[in-house]
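So the sequence lines, in the order shown, correspond to chains B and U.
Residue numbers for the first sequence, in my numbering: 5 to 152.
Residue numbers for the second sequence, in my numbering: 5 to 152.
Keep in mind the hints are simulated off the structure, nothing from the lab.
Do not take every clue at face value.
Any copy, or any two copies together, can satisfy a pair, since identical chains are not distinguished.
[Stated by the list, open to error] Okay, derived cross-link-like pairs now, DSBU-like style, lysine-lysine, Cα gap no bigger than 30 angstroms in a straight line:
1) K106 x K63
2) K63 x K78
3) K57 x K141
Protein chains: 2
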Amino acid sequence: AFAANTANPENLSPIYGVGLPDGYRKWELIAPAQEAEPLNELRAVVGNDIAIKAYRAGKLPFPDGTVLVKLAWKHTQSPEFESASIPGAATTVQVMVKDSKKYAASGGWGFGRFINGKPVDQAQHETCFACHEARVKERDYVFTKWAP
Amino acid sequence: AFAANTANPENLSPIYGVGLPDGYRKWELIAPAQEAEPLNELRAVVGNDIAIKAYRAGKLPFPDGTVLVKLAWKHTQSPEFESASIPGAATTVQVMVKDSKKYAASGGWGFGRFINGKPVDQAQHETCFACHEARVKERDYVFTKWAP
Ligand code: HEC
Ligand code: HEC
Numbered sequence: 005a006f007a008a009n010t011a012n013p014e015n016l017s018p019i020y021g022v023g024l025p026d027g028y029r030k031w032e033l034i035a036p037a038q039e040a041e042p043l044n045e046l047r048a049v050v051g052n053d054i055a056i057k058a059y060r061a062g063k064l065p066f067p068d069g070t071v072l073v074k075l076a077w078k079h080t081q082s083p084e085f086e087s088a089s090i091p092g093a094a095t096t097v098q099v100m101v102k103d104s105k106k107y108a109a110s111g112g113w114g115f116g117r118f119i120n121g122k123p124v125d126q127a128q129h130e131t132c133f134a135c136h137e138a139r140v141k142e143r144d145y146v147f148t149k150w151a152p
Numbered sequence: 005a006f007a008a009n010t011a012n013p014e015n016l017s018p019i020y021g022v023g024l025p026d027g028y029r030k031w032e033l034i035a036p037a038q039e040a041e042p043l044n045e046l047r048a049v050v051g052n053d054i055a056i057k058a059y060r061a062g063k064l065p066f067p068d069g070t071v072l073v074k075l076a077w078k079h080t081q082s083p084e085f086e087s088a089s090i091p092g093a094a095t096t097v098q099v100m101v102k103d104s105k106k107y108a109a110s111g112g113w114g115f116g117r118f119i120n121g122k123p124v125d126q127a128q129h130e131t132c133f134a135c136h137e138a139r140v141k142e143r144d145y146v147f148t149k150w151a152p
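Next up, chain B with everything else stripped away, as it sits in the complex (with noise of 0.2 angstroms):
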């Protein structure tokens, strides 16, 4: 977990201009999950007080200001018990920020993927939205379910 720090324009994604946001590893979990191989990660999705609220109310579309936040880390064995496993190094954080005016050309959506506080490059930023509207588009182009 990295400090944001959103003055600096170098901290911002490209395309949208989203920074990590304050305090996020301190937000409420709505799940954890998993990834296979290759990327064969655990991760977090986590929510400010408004996707929370939102999520609990079971109602689409997020409001403008709900910020969600996925971390992720190496899936690594557990060194105490077999068939466990834990997280290890952090690979990506990855943000999905709402603003229905700024963001109408990417369903409301602004996104950021950072790997050690930096924003990753324009490239791999001109994937997320595709990749969320062709799958997921009729959940306002959010994957993650509230665990229960």
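Fit chain U with the ligands to the known structure of chain B by using the hints.
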């Protein structure tokens, strides 16, 4: 996630008298985990403020008042994305409460395992400390490390 009702002794674990703590679903994430077959679960360990403070400070043993909760769900294939797995139905919620006097006989920890908000039987609660002691005694009987 179930509402805590620790006034009713039926809701407390055998041996330890541990109940589901209030509001644990909102607690800060310590780390996700995965458990292979036969349990086949995605998990998330969260902690109360005392726990989080101790983790961030990297200090052992955990102080009295520490509460750790492990949420667990069936590990389920994502319907929208082949390589992703997501939480299915909730399975167990497990709790560890630190009280070095009350639980002196079990390393200072009281244990509780809950299904649908109700504690499981005494036989299951006889296994908790034995396993945690055998494998992670030197980390104050706690497996889960902070996810970076
Ligand atoms: C090839 C498909 C694909 C691409 C490309 C993709 N995503 Fe996703 N994204 C997913 C899937 C599947 C999930 C849910 C499962 C998981 O957690 O991995 C997800 C989840 C997320 C989440 C958590 C909220 C949600 O929708 O569940 C964020 C935030 C996110 N992606 C951001 C990004 C960003 C930023 C980019 C581009 C830099 C991106 N995604 C590109 C497939 C994709
Ligand atoms: C056979 C071994 C074993 C037994 C028995 C066992 N545990 Fe654990 N426990 C683990 C392992 C391994 C982890 C960490 C990986 C994970 O999250 O599954 C863990 C994690 C936990 C955690 C999260 C904090 C930590 O130590 O990481 C709690 C809370 C917990 N167990 C409670 C219980 C309770 C309550 C019981 C008995 C009803 C119990 N455990 C029995 C192996 C065991």
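Checking each numbered hint in turn, tell me which of them this model violates, lowest number first. Hints that this structure does not satisfy do not exist here, as all of them hold.
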